[in-house]
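Chain by chain, the residues:
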Amino acid sequence: MSLRERLASGSFAVTAEISPPRGASTDPITAAATLLRDWVDAVNITDNQGSNVRLASWAGSLAVLAAGLEPVMQMTCRDRNRIALQSDLLGASALGIRTVLVMTGDHPKFGDHPGAKPVFDLDSVQLLWTLRTMRDQATLLSGRALDPAPECFLGAVENPFAPPVGFRAERLGKKVAVGAQFVQTQFVFDVPAFGRWMAQVRDLGLHERCAILAGVGAVRSLRALDYMRDKVPGVHVPDEVYRRLRAVPADRTAAEGTRLAAEIVGQVREIQGVAGVHLLVAGNERVVPGILDGAGLGARSEGHNGR
Amino acid sequence: MCLRGICIPRGTVGLVTARPAIPAHPRIGARTAYLLQRMLRPNAGWRWLSARIEASGPARAAFTSAEKLVKEPLFGCRMCGQCALPVTGYVCPMGCPKELRNGPCGGVGPDGSCEVYPARRCVWVEAYERAASQGRAADLRVLHRPADQRRWGQSSWLNYWQGRDAGLWTGHAGETGEADGTGDAGGSSRGPR
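Protein chains in written order, with my numbering: chain U, 3 to 309; chain Y, 5 to 197.
Since the hints were derived computationally from the structure, they do not count as laboratory data. Treat each hint with caution, since some may be false.
Said to hold, decoys possible - Pulled from the structure, derived: some chain U residues nowhere near chain Y, Cβ distances all over 12 Å: (1) Ala58; (2) Pro120; (3) Gln128; (4) Leu130; (5) Thr135; (6) Ser144; (7) Gly145; (8) Arg170; (9) Leu227; (10) Asp228; (11) Pro235; (12) Glu265; (13) Glu272; (14) Asp295.
What the hints assert, rightly or not - With beta-carbon atoms standing in for the labels, derived distance ranges: (15) U/Gly98 with Y/Gln153: 45 to 53 Å; (16) Y/Gln41 with U/Gly25: 49 to 57 Å; (17) U/Ala195 with Y/Ala66: 25 to 33 Å; (18) U/Ser89 with Y/Ala66: 50 to 58 Å; (19) Y/Gln153 with U/Gly25: 56 to 64 Å; (20) Y/Pro62 with U/Ala86: 47 to 55 Å; (21) U/Ala86 with Y/Ile26: 23 to 31 Å; (22) U/Ala151 with Y/Ser60: 18 to 26 Å; (23) Y/Asn47 with U/Pro116: 42 to 50 Å.
Backbone N, C-alpha and C define an ideal beta-carbon position, used for all residues, glycine too.
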């Protein structure tokens, strides 16, 4: 069952994330995809995440496809102009990559090539709009015709916690208006704040036109916790979560992190309009079964809980 | 630095080189800016004047320089030539290091700071506050089409009065109050072109 079919069926969707390696091999991606295959509906392949050079998202997506799992090819606006982005969508669609996730992308300042030119020729709304027009109207941004038009299921991202908080649901509304069919959110550690954003999303009726997948991550270590809290733009770790993970002995941080993730999956699942979860576990795919079992979701293949 | 024997103090280098994309705090209140917006709205007078200015090379260059002299200190204008200020609470989105014209990225700090320049406020946080303070928050729902990179260095006022800005975004500034709440003020069906 594809991610699109899963979401259309109304059963709870699960996606995860794989970071391609810094090297010319797709073997680590194949290994991770094989591990995740029975547990998730689709897996994101990040696009030079954190502005660090990695194997290309399209190449990683092909490896995932070959491993028998649906890839979600991430596309950022950071490195490519409108010519390259449109060209990439055509190539991806032709080779069988049919699910695409569009985002602005981190600024080059945060990565391993801080002197790189920040492109941002299109923003994420304009890129979604462009891809939808390519698919639905078979035309490029220039107006030239495409034959055949690409096929794609279009995803977006949103950060419910970043200011201006009053505008975040509206910003998603802009993305839905131009073609976003599903959205994956930033890490949800603050479930009440996420619930407030979801209420705004429901008020705008967005959950009926776009599947909302809550981002849930498992904290691996105290170092990762500090990094996430202090260094990753846009991640909000509430004090009570921070204290809870600090309170357990260091050798049990990972287990507590997985338990917390499972609890958050269970909590967001109860929120009206949440269609699934996106597990932000890149580099730590092994924890996925633990999180899903802990949340009572189990493996995909078991058809557990009527999924 | 010296150009043809004329010494230009270091602080004014911005007059001859492009200003980088750094968030700028507008030096004019939102209310005043919206009042000016009414004055500057295209009409027969502005169309006539802008056509006369465009007809002459030197007049056009002088007018473009004058626009920069006014808008750079006020808004941190970078002369993109396709001004979005009327629908962004008069906070320039091209000051965003990612030049985002449709709203903030996800990296805004909890205190509203820019992720790239943490000492500065995100232009979109400021845009939202200023637009909302004047009952214009719905302006932020309009969909901005991709910027035309050929327009850098042009006068946006001339482009505006000559009607070349008509398709920059869906809907019109100040007419977005009735938006249906879907964020699709004016409709996206025409496409991003």
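Tested hints:
1. Its beta-carbon lying about 21 Å from the closest one in chain Y, U/Ala58 satisfies the requirement of being farther than 12 Å from that chain.
2. For U/Pro120, the condition that its CB be more than 12 Å from all CB atoms of chain Y is violated, with the nearest at approximately 7 Å.
3. Not every beta carbon of chain Y lies more than 12 Å from that of U/Gln128, the smallest distance being close to 5 Å; the non-interface claim is violated.
4. Annotated as non-interface, U/Leu130 brings its C-beta within 12 Å of a C-beta of chain Y; the closest such distance is 9 Å.
5. Against chain Y, the non-interface label of U/Thr135 is violated: not every CB pair exceeds 12 Å, the least being about 4 Å.
6. At roughly 8 Å from the closest C-beta of chain Y, the C-beta of U/Ser144 falls inside 12 Å, breaking its exclusion from the interface.
7. In this structure U/Gly145 is not separated from chain Y by more than 12 Å, as the shortest Cβ-Cβ distance comes to only about 6 Å.
8. The claim that U/Arg170 is not at the interface with chain Y is violated, since a C-beta of that chain comes within 12 Å of its own (minimum 9 Å).
9. Even its closest Cβ contact with chain Y, about 17 Å, leaves U/Leu227 beyond 12 Å, as expected for a residue assigned away from the interface.
10. Every Cβ of chain Y is farther than 12 Å from the Cβ of U/Asp228; the closest lies at roughly 16 Å, confirming the non-interface assignment.
11. With 12 Å as the threshold on Cβ separation, the claim that U/Pro235 sits away from chain Y is violated: the shortest Cβ distance comes to roughly 3 Å.
12. Chain Y leaves U/Glu265 outside its interface by the beta-carbon criterion, the shortest separation being 23 Å against a cut-off of 12 Å.
13. Every Cβ of chain Y is farther than 12 Å from the Cβ of U/Glu272; the closest lies at roughly 25 Å, confirming the non-interface assignment.
14. No Cβ of chain Y approaches the Cβ of U/Asp295 within 12 Å, the least distance being about 30 Å, so the stated non-interface status holds.
15. Checked against the hint of 45 to 53 Å, the C-beta distance between U/Gly98 and Y/Gln153 comes to roughly 33 Å, which is inconsistent with it.
16. For the pair Y/Gln41 and U/Gly25, the supplied restraint of 49 to 57 Å holds, since their beta-carbon distance comes to about 54 Å.
17. The supplied range of 25 to 33 Å is broken by U/Ala195 and Y/Ala66, whose beta-carbon atoms lie about 52 Å from each other.
18. In this structure, U/Ser89 and Y/Ala66 break the distance hint of 50 to 58 Å, their C-beta atoms being roughly 42 Å apart.
19. Take Y/Gln153 and U/Gly25: their Cβ atoms lie about 35 Å apart, and the range 56 to 64 Å is violated.
20. Y/Pro62 and U/Ala86 have their C-beta atoms about 39 Å apart, which leaves the hinted 47 to 55 Å range violated.
21. Judged by the Cβ atoms, the range 23 to 31 Å given for U/Ala86 and Y/Ile26 holds: they are separated by roughly 26 Å.
22. As the Cβ distance of U/Ala151 to Y/Ser60 is approximately 47 Å, the hint placing it in 18 to 26 Å is violated.
23. About 47 Å separates the C-beta atoms of Y/Asn47 and U/Pro116, a value consistent with the hinted range of 42 to 50 Å.
The structure does not agree with the numbered hints 2, 3, 4, 5, 6, 7, 8, 11, 15, 17, 18, 19, 20, 22 stated previously, though it agrees with the rest.
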